[in-house]
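Q: Sequence:
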Amino acid sequence: MFYFRIVLKMINMNLLKFFIVSIIIVFIVSCTDTKKEIRREINSGIKENSNSRFKEAIVHYQAAIDMDSQNAEAYLNMGNSYFNLRNFDKSMECANKAIELNNTYGVAYKLRAELYKKIFKNNTKACENYLLAEKYGVKNLQDYTKHCR
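Heads up: the sequence shown begins at -16 in my numbering, then just goes up one per residue.
Hint data in this document are derived by calculation from the structure and do not stem from the laboratory. None of these values were measured; they are calculated from a predicted model. One or more hints might be untrue.
[Stated by the list, open to error] Calculated pairs, PhoX-like style, for lysine-lysine (alpha carbon to alpha carbon, straight line, at most 20 Å):
#1 Lys108 x Lys73
#2 Lys73 x Lys101
#3 Lys118 x Lys108
#4 Lys73 x Lys104
#5 Lys18 x Lys30
#6 Lys129 x Lys118
#7 Lys30 x Lys19
#8 Lys100 x Lys118
#9 Lys100 x Lys73
[Said to hold, decoys possible] Label pairs and their computed distance ranges (CB to CB):
#10 Lys18 x Glu83: 20 to 26 Å
#11 Cys131 x Gln45: 30 to 36 Å
#12 Asn70 x Thr17: 26 to 32 Å
#13 Thr128 x Asp51: 28 to 34 Å
C-beta atoms are modelled at their ideal positions from N, C-alpha and C, and glycine is treated no differently.
Please put together the full structure from these sequences, using the hints given.
A: Put into structure tokens, the structure is as follows:
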């Protein structure tokens, strides 16, 4: 009887280990699938945007955000689509959110700079953002930043 209990405990331990490992594998696979789906949505949005289907692009970016509300790239791209639709307030909201999520996202600072310069006519804030865009890796901004220094 004693050995039977020991064998039963070992079987239960192995089942528990198997169960835990199975849960971990399912979690990892589902996370990978979610990341792939987010990438597909963003890429679909980029394709729609490049074909001037800005509203359709926004639907894809929003789907990516619904899966990952911390995705700065989706917010930036959605901001670009709103810019193209001339919805500048929404474009600024998206640029701000992208920067809030990733404060070294140079391209988001560039979008915000464009909005401040061309739409909101605030050259001081435009310069601040162009300089930050340049600082965080955006190239070829000399024509914009030469007046900011």
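Q: All hints, please: hold or fail.
A: Hint check:
The straight-line distance between the Cα atoms of Lys108 and Lys73 is roughly 18 Å, inside the 20 Å bound, and the hint therefore holds. Restraint check for Lys73 and Lys101: the C-alpha separation of about 15 Å stays at or below 20 Å, so the hint holds. Between Lys118 and Lys108 the CA atoms are separated by roughly 15 Å; this keeps the pair inside 20 Å, and the hint holds. The straight-line distance between the Cα atoms of Lys73 and Lys104 is roughly 17 Å, inside the 20 Å bound, and the hint therefore holds.
Restraint check: the Cα-Cα separation between Lys18 and Lys30 comes to about 18 Å, which is no more than 20 Å; the hinted pair holds. Distance hint between Lys129 and Lys118 is fulfilled; the C-alpha atoms sit about 14 Å from each other, no more than 20 Å. Between Lys30 and Lys19 the CA atoms are separated by roughly 16 Å; this keeps the pair inside 20 Å, and the hint holds. With a C-alpha separation of about 18 Å, the suggested pairing of Lys100 with Lys118 holds against the 20 Å cut-off.
A distance of roughly 16 Å separates the Cα atoms of Lys100 and Lys73; the hinted pair therefore holds under the 20 Å criterion. Range check, Lys18 to Glu83: Cβ separation about 21 Å, and the 20 to 26 Å hint holds. Under the hint 30 to 36 Å, the C-beta atoms of Cys131 and Gln45, about 34 Å apart, fit the expected range. Between Asn70 and Thr17 the C-beta distance comes to about 29 Å, which sits within the given range of 26 to 32 Å.
Checked against the hint of 28 to 34 Å, the C-beta distance between Thr128 and Asp51 comes to roughly 32 Å, which is consistent with it.
The earlier numbered hints are all upheld by this structure, with none contradicted.
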